[in-house]
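Since the structure of chain A is already known, use the hints to place chain B with the ligands on it.
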Amino acid sequence: MSLIDNKRNKPEMNHVIKNQRNAHNSSSPTTMAERQRQRFVDKATKVSAKYLRRLAELPGAPDAMEPFFKVLQDIYVDLKNVEKSADTKIVGTYCVMVPDELIYAVGAQPVKLCSGSYTAFAIGDDLVPRDACPLIKAVMGFQAMEVMPIYDDCALMVVPITCDCKKKMAGMLKQRVPTYALHVPTAKSEDRDMEQYVQELYQLIPELEAVTGQTISYQSLAESIDAMGFAQYQMSKFNEFKKHVPALIKGTHAMALMNAFSYLPVEQWSQQLHRLNQELARRKKDKHYVSKDKQPRIMITGSPVIFPNIKIPLLIEETGGILVGDETCMGERSLYDPTVVVDQSFDGLMRSLANRYTRPCTCPTFVDNSQRIYRIKQMIADHQVQGVVYHVLRGCLVYDFEYQTLEDELGKLGVPVIRVESDYNEEDIEQLRIRIEAFIELIKLKDLETRISKLKKSEIAG
Amino acid sequence: MKKTDLKLRKIFTPTVIVICGVLMLLSLFAGNLVFYAFGSDDSGYAITPVLIILLLAIIGIVLCLWLRRRIVRNDPVMGRFAAERISLKPGGTVKGQRKFGFMTMRWLIMILSFFALIYGVKWLGQGFGNIELPIFACPINQDQLIDSSCYTLAHLNSLVGMSWSEVGIFLGSLLLSIVVLGRFICGFLCPMGLIQDLTHETRQGLKIEGLSFNEKLYSRLKPIKWTLLLLFLGLSFVGGNFCNICPAITVSPALAGFKVSLFLSGFAMIVVIIGSFFKRRFFCNICPLGYLIGLGHRISLFRIKKDCQACTECGACYEACPMGIKTIYTEREKRDVTTADCIMCGECIDKCPENKALAMSFGGLRFYKASRKTFMSGHKKNEKRLKRLIRKREKNESN
Ligand code: SF4
Ligand code: SF4
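So the sequence lines, in the order shown, correspond to chains A and B. Just so we're aligned, residue 1 is where the first sequence starts under my numbering, counting upward by one. Just so we're aligned, residue 463 is where the second sequence starts under my numbering, counting upward by one.
Here chain A stands alone, though its shape is the one from the complex:
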């Protein structure tokens, strides 16, 4: 126990020392390591600030987006901690399978730590094998540099074992911070898969309770389920606005908003989203659109798109497309499926949580994931999507595996799809720009053709 305590205290202490250090001699760093760290901080914040600027400069951002930008600014540029009262503990999570409800129910604040930082990626490159995915590299990079309060203040990290990279990452994290590996069933078609996850969640509870010293009660769990449910309710309203043609909000902004969810207490986030929804409703009434009639409607799916690695959505919208939907785990997926409580007992709540985080989840970690195809098809119909961008992070095998089936299925529908592979750096931007631009032109052409043929048909008929 004392060992764990030691570990738990260390990062906090480090952080205090570091802060002092930053305050006193940030102008003249002395040792080699400090200088390296300073360079790292400068670079990381500069990149984040740049992308934040591009995000804000992308025309059509609603005023109510401001708080969401501010959160990203706080975390990534000013290197602040999440907004919370001093004694609230942070629990770091990864992926979309860790129930935030349970974390809120013990009075802690969940923070999603999946990272998109290019600078941290460069550090992590030396720590993990070359073929590991950039997300892991970025996380390990931040962990090693100890400059991000959200990583250093974590009282516990919960890592769902979703792919090989995450599994090994959990092992590496364990050597530095208290880490809990949450086993996610590999399949979900059998009843026992879901039931197994119920057991896993029951086992997670004592770990979480040890963090804050609060026990989960029926009351607290029901309240946190409702709080998350309210966020999802706002989210479902937001989704309705997103379906509007022409678009009321740019998809890149929508993705930034979902990214901000990772660093905001859920009540605050849903309040801000509520404001945004009100603004969008006004836009709808005033016919204030952010896209033109013939702008190609694109959807993005595949590997997570995490701030500041938002180059692909930005490119899509900067080269003339309009991003109308995303099927990614840092985007819509993390809040899309509601917790459906069918039994009011405590066990019923736990079951409904386990159910919500496994069965509808379209993460490719599951053996059979055909439902993702259906989901994408439905989104294509709902959002009137004209083209799909399939994002693959280099080394993200599970998503790459599912590309083939999706391409075949979408081929049958006649919806063009493009696979773009990218890494956490800016070297591939030009190449990506050319490919995405060409893709958008292709869709425009296709659209023109169908319009012309329709016109001809009506002429013949007329």
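The set of hints was computed from the structure by calculation and includes no laboratory data. Zero decoy hints are in this set.
Straight-line C-alpha distance at most 27 Å; calculated DSSO-like pairs for lysine-lysine:
id: 1; chain 1: B; residue 1: Lys842; chain 2: A; residue 2: Lys285
id: 2; chain 1: B; residue 1: Lys857; chain 2: A; residue 2: Lys84
id: 3; chain 1: B; residue 1: Lys831; chain 2: A; residue 2: Lys243
id: 4; chain 1: B; residue 1: Lys557; chain 2: A; residue 2: Lys84
id: 5; chain 1: A; residue 1: Lys243; chain 2: B; residue 2: Lys843
id: 6; chain 1: A; residue 1: Lys284; chain 2: B; residue 2: Lys818
id: 7; chain 1: B; residue 1: Lys842; chain 2: A; residue 2: Lys287
id: 8; chain 1: A; residue 1: Lys84; chain 2: B; residue 2: Lys846
Frame of chain A; chain B with the ligands shown alone:
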């Protein structure tokens, strides 16, 4: 829990076989197993046996809870919740989901039908004896608004002595019910259904953990259902009487004031109440009459429709379904997901969060569809509160 699970699994199949055997054996001698007998002098209250059943059932439930608590307490994982498992604290339920809607209608219809099937004649002065619903509303109670054909079904040997018109009415209304209503009867009209839903709601109110059935457990119930069907249709031919073991006989006649001596039925009703307390619609899962109606599900007019593309396979419908119909969530091709087991209760549609993924239809008309907006409508209240809060804050700021 795992270990006990394993043990349970190992003893489950033999248990089911033993249960079926014992059921058969008992039913043959059911007439000798007296639960409560009224004397020939017509003394005593008709309601007494019902009260006894209720009392025994409550004792049984408490016993089960106590036993479970003892078992769970020693389990390293679940043991921590031994206290939480029987939480009687008021308030604090999940509020975000819809509260009123189709389910309210269903409850109203169920209650109405319950009273109509018990006091109908007393109210209206006249019943409709020549319509016979296949329903477990005991026809020994002669105040029923609509007759039940369960007696004839349980005594098929008596068909021989009936007049042609009687046989015609019996067969005609049976067929008509199957086509027009189907198992809608089970979900909306059956008094046994209401009793079971009431016990279920009691458990919900007390927030006591139930039994979550899975595929395997559901499939283990099938042999019991078949045994009951065999007894239901065949007992009269070997000199037995299904009414002696039928749990439905205990409630309806007694409430209407008919004094009926109870045999094995009394015990059966206790089992039904305890069972349905822990597992919603427990009896419906083994009900022979419902099974019989369900066989005609291909031609019945009430149907459950599905839009397979809209479905996210979230499994909410499966979790909610009291009959454990898994195909409703796994189906990916057919637009029609009606099965023989479906009692048309609409729970699945009520809990489905995807727009139009599920719908109930009557003769092609979809009158009840799943929708995310109504599913989450419980949050509207929260939203209003938030709006008020924001307005107040803005006012303060501008001052
Ligand atoms: S499938 Fe739906 S309507 Fe049918 S029994 Fe199950 S929950 Fe009720
Ligand atoms: S509840 Fe609706 S979306 Fe979920 S599995 Fe059932 S039909 Fe599909």
